[in-house]
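A.B. asks: These are the residues of each chain, in order.
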Amino acid sequence: MKSLLETLKFTNITIGDIQSVDEMTVFPLVGPNRGNVASPNNLQFSRTTGYGNMEFKNDDERPAIVPAYTMVRGRGGQDHAMTGTGIVPRKESIIFNTACCVEQRQPGMLSGSDKDNRLDILPITLRKDLLDYNKRTKKEYGKLWSDIIRWLKGIGHGVSSEAGHLSYFYDNVQVKKALEDFAAEFEPVEGQIGAIILFSGVPVGLEIMPTNAHWDAYWKQLIRGSYTAELFRLKLLGKVKPSTLIMPEISPTAKPEEIKKTLEDFMSHLKKDVAPLLENVTIANIRTIGNTAGLQTDLLITNGGGGDIIYQEEEPIYISLVL
Amino acid sequence: MEMKKVEIDSGILQYVPKGAYYEGQDEQFTKVFDMWKKLFLFDRTLFSLMMLLSGTGFSKGMMTHFLLSNEQENLGKALVPASLASNYETQIIKYNLAKERTPRALKNLLLLCGDVKLNKVNNSRTRKIILEYIFNRSHDDLDNLAINYKNKLKTLIRHALGKQTLFKILNGNLVQFEKLIGRYNKNAGPVVYYIFNKEYPKKSISAYFKKINQCIQLREAASKKDADAFENLMKGLPLRTVMGFRNTYRVPIEIKDVMEDTSVSTKEALQMQSAAKRVGGKIKVDYKKQDIYDLWKILYHKVLTGEKDDVELIFKALNEIKLDKVDIGETVIIIDASKSMYGSDQRPLHPFLTALSISAMIENVKAVIYIGGKLTSVETEVTQTEIGWQGTSIIIPSGGTPLWRGLIDAVITGIKNIVVISDGYENSVKGTFDLVYKHFKNAGYDFNLTHINPVFAADAQKGTVRRIAEEINPLPITDYKFLETEIIFQKMIENKDLVKKLLVNRYQKLIGGGRTE
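Chains D and U are the protein sequences, given in the same order. Heads up, the first sequence is in the numbering used here, so the first residue is 714 and it goes up one at a time. Heads up, the second sequence is in the numbering used here, so the first residue is 243 and it goes up one at a time.
Source of the hints: derived by calculation from the structure; they are not laboratory data. All residues carry an ideal CB built from backbone N, CA and C; glycine is no exception. Take these hints with a grain of salt, some might be off.
Which bits of chain U does chain D cover? Going by a derived footprint, with three or more residues having C-beta under 8 Å, they are [claimed, not checked]:
| no. | stretch |
| --- | --- |
| 1 | 579 to 592 |
| 2 | 639 to 645 |
| 3 | 669 to 676 |
Only some residues are given here: those of chain U computed to face chain D with a beta carbon under 10 Å [said to hold, decoys possible]:
| no. | residue |
| --- | --- |
| 4 | G614 |
| 5 | G615 |
| 6 | K616 |
| 7 | L649 |
| 8 | I650 |
| 9 | D651 |
| 10 | I654 |
| 11 | H681 |
| 12 | F682 |
| 13 | N684 |
| 14 | A685 |
| 15 | Y687 |
| 16 | D688 |
| 17 | L691 |
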């Protein structure tokens, strides 16, 4: 059976050394740069121009990709998030008018120049809530509020669920520190362009960026804002039990060389095992939802989740998939 | 109260407010401030004596602030232990000020003038310490101090004297001058007038303070935009002072000329090198006189920014540098070169460069094992045959942290001492290092493991840094110079009853004096 990466034609990608801390495991995906798109440094969030409208500016000579579900939280206005990826043609500013508010009562507009803005990617459950095409494209800024309230419910530890404010969670002092500390355990590796993320041994996400520079720029928003946030919430709800990767037994009489071989074999075995885990992911539907500046965006629905995949000259260069 | 109830480690002496890869400086400051406070409240004498150990200038400054903002006298002299002078705190504060480099000592005194985080401290002990530090020195020293740090001195003197007294002194009140300043240096009048931009009433001011006189003349030349006189007068004066006049009065003189003809300290020469290059000038740097950490820092800066000049000279200086090494027996060093060792944006590469410097401080090293990292070859602007230089590579921190591989490789060598220098973030897989370490210990392998951690971590479970093995207390060393102090500190902490006694002995050795009973 083909792995998901092969099915989606993501070639020349190898799986790097496992990184595993408590319940979260990250397999780095390493490979050559895939896309000829704007450098992440040249793409800026400019402002919100109205509720549900997020503007991004691309100073590059090449088209830019706004990572799927980019969320901006700031003090000056209502927090917003994209409902998928966005494409900004070269040297242009684009207003995405199907974005959503992730804060319910705070008035005001966000400015990209505000140094207090915090950028993250939406947590994976809320990303799944936006996979419905009609919901994603509907110009209704409050479309995620009820999902957010449901997402916040029961977390406790001072995290309220009385309104659709994601800041109740992300800006809670304890949560904020926990997210930072946990995400800090993971490190980007040389040539990394993506990752497969697992919770307690179960794959929950596949992320591939067009280039190593993109991964360097966005990995923390993904690992902290999307995956660690979800894992932390699930742990607080008691839905994920505390666990760590079970290491192989080492014989008390094992010599150093033997221990090294045992552990190397184990790590190598884990790498081989992760690809078959993705074989269980089947594609239910693929729908082209945009074609801008030479970049084609497809919305991909799988048996358990879905997300955006972007092609340039018919080659896949970006994917952000919740499994 | 037993000492074990106060959780401290020598991180309290090594704090620098510059953040880490994952933590902002505020978060770190809060944690270390709490440790200072706990130790201060637990045992003020111990707190003071700790300041005799090597530490960062900032830590010493903050600890000084603690002591001076809480009057020693209020607690009663009866509490001063035997073997210490009744003014031992003041002695220790002055000892530390004298040991610091001048800019740091002045910054520490300026902490007493208050800022966003700290209250002003203004009592007679503080005033005396400030004025004595400034004026109790030779005429030449005072001359140099005044022209190099005029604005800082202005703030400090105003703080120490108060506006009214300062006004009186600047208006000729000799009684106040003698009482507060003249007691340290009766000829210091012109210095005070110079610092506050007041014309000295008497004309004969240059006998003791030639550079001040030169500065006054330079300012006159600058105000007249007389470039020739300015160029003549600027020679030998501090770069910052001259540049200030040049910019304020828009003197038509090239920046590169100012940079090449004025004086900078050895450390400043290194810092100003790139700036000089940008304006077409060149500041000569004597790499052989530089600190090892600074040499690594400038080397990495050059490699990462593509500068090729002097790279081979820096390598030579690194190879030939003389260090007071610490000998703990034959050792294998494991250096964590993973991405997190890159450090914070405020202080890029600090953890890794500290690790490199620490490894150079250890005598008798049989092997150095790097975990992670990317090997990058270094280019120079001269050919290898011209200088006989073999060329080399440097390691850039990158990737994950399979530290366990290093431990196994080190144990295979049969070495008795293994030193791991790591920030304690292990992810490949977390806990594997501890698993392997415990296996070796349970199986009876005979080696000592020392974990040196160059990164302060507010999220550490215990102390100020993260650990990689449950049973190993890490040594927090954010500055390679503190390696020996840290080893001493750890030994003392293991036997808590000896802590104070050893520090009192150190006090008597360094400062002397004290009461006998």
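A.B. asks: Which earlier hints can't be squared with this structure?
C.D. replies: Hints 16, 17 not satisfied by this model.
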